[in-house]
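Here are the chains, one letter per residue:
2 protein chains.
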Amino acid sequence: MIRHLSGLRGLGCARRTSARQTVHFRPFPRAPCTTKLMSTESESAAHEAASPAADPPAWLQRIKSNYCRVCGSPLKLLRPDGEREWRHVCGSCGYVDYHNPKLVVGCIVEHEGKILLCRRAIEPCRGLWTLPAGFMELNESTAAGAARETWEEANAAVKVLAPYAHWDIPVIGQAYILFRAALAPPYTFSAGPESLEVALFSPESIPFDQLAFSSVSITLRLYLEDLRTGTFRAHHGVIDKRPGSQPNDPGAFALRDHMALELGGASATAAGPGVQQ
Amino acid sequence: MIRHLSGLRGLGCARRTSARQTVHFRPFPRAPCTTKLMSTESESAAHEAASPAADPPAWLQRIKSNYCRVCGSPLKLLRPDGEREWRHVCGSCGYVDYHNPKLVVGCIVEHEGKILLCRRAIEPCRGLWTLPAGFMELNESTAAGAARETWEEANAAVKVLAPYAHWDIPVIGQAYILFRAALAPPYTFSAGPESLEVALFSPESIPFDQLAFSSVSITLRLYLEDLRTGTFRAHHGVIDKRPGSQPNDPGAFALRDHMALELGGASATAAGPGVQQ
Ligand SMILES: [Zn+2]
Ligand SMILES: [Zn+2]
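Chains A and B, in that order, are what the protein sequence lines are. Anchor point for the first sequence: position 212 equals 199 in my numbering, and the numbering is continuous, going up by one each time. Anchor point for the second sequence: position 192 equals 179 in my numbering, and the numbering is continuous, going up by one each time.
Honestly, the hints are just simulated from the structure, not real lab data. Everything numeric in this text was worked out from a predicted model, so none of it was measured. Some hints here could point you the wrong way.
As the list makes no split between identical chains, a pair holds if one copy fits it or if it spans any two.
Unchecked claim - Distance condition first, Cα-Cα at most 25 Å in a straight line; then the derived DSS-like pairs of lysine-lysine:
(1) LYS101 / LYS51
(2) LYS51 / LYS89
(3) LYS101 / LYS146
(4) LYS51 / LYS63
(5) LYS63 / LYS101
(6) LYS146 / LYS63
Build out the structure end to end from the sequences listed, making use of the hints.
Okay, structure coming up:
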């Protein structure tokens, strides 16, 4: 539905598909752990083409939605009147068990020119480095959730500065929302229960070959690029499984439909340019 | 967790809480329909203060999560080991029934200087005007979902231009993501099954006293302000129920923690300034 202008790939050199494309990726050295996918990229493409399917898609049939959460009766996959989509519907009370994308919220925490990363103590991707992030809870804001996750995973108090990136990852049913943040008093951090260690990395020392998720790799590459050019942008895009890639392909994920909002005014500093609050 | 810098209110004059606050609201003339709330604002504030509660919060107890969707056994509200939050957990198979915020995606469609609105044919807020928007589906991107909703509600093909606003509405467990969009060929529109009528409004003629939702009212006010100043910003914030407001209070909802990213470069046109694609 929106133009495919940046066909950035995880593996190999960046392709220039548009004269205005300004983001360049070096190869992903490694995509180190497997990800449980909701769908293949062909199913995803079929879905986005908005044609009603004759049968429930395979990924929907794989969701374990067997019983009604309200009354406990069995659910059936059917298309309610007037709906284009297949739904899990209760034959007894009529409850519809909708499945919606989940929000993952997190922070890119900067302190004295370095970036805070957490080494994961839990699967998936145990032992690899990530930005502090996790599922948003009901009854909190995205920014509050991002700060909470940073507190839980890194025992770090932060001041959220501005939204930095929104990544849709349809293949796992998630949307990532990441904020720029500054370490706040008392400027300390340590490993929370889900982390093995927490450390500050200078831009040159970020362990790109030991990052947990493609979303983290993509975010950090853009962040470093923005630091180099001296202006933070606000990024939006879709992270997809590349067609034909194998489950353990290091470049299996790629960014498409990348929109980078150029911010006006000042240079890239911790205080942040162009943010009216 | 983030600074409360813009204490914008739905009712009465805008308050200036910061010298850098640049957004002004006229009073909401009307907030015409009631909204099913997940929590009171005091529960919400308690939650954001990140203190573990001794009992499950009332809003969580009100969620009808009685039976395990996997095995059909009864669920219990408890705090799993190591978790700060109360969860609905299956006593039989261990499944945890998480409840997460839902994404609502939509478009601000501009055509020849006018903005497309839909008059709702369904509850809530039947008969009132809204931006085309709806729940994001699994297996699509936010931008694709926003275009799909516009197609379904207004039979309008659009070209998504750029992200415009992200609003968290914790009290109803939703996050709104709205894009700027341009009407695309064949430049036609008509009422879809959920709309009574669809129309283009000049900025001066937008029916602010007949809008369905506070999120729509807030978005359109900022959009008109950006049109006036000649530069689109990217907006992020939290829409909350004002403390002490009654359920049918026309100014019950207010924007807080408003962050407006000033975009660089060109003036506000349909093609959009400062967007790298
Ligand atoms: Zn039922
Ligand atoms: Zn169970």
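Structure versus earlier hints - violations, ascending order: 1, 5 and 6
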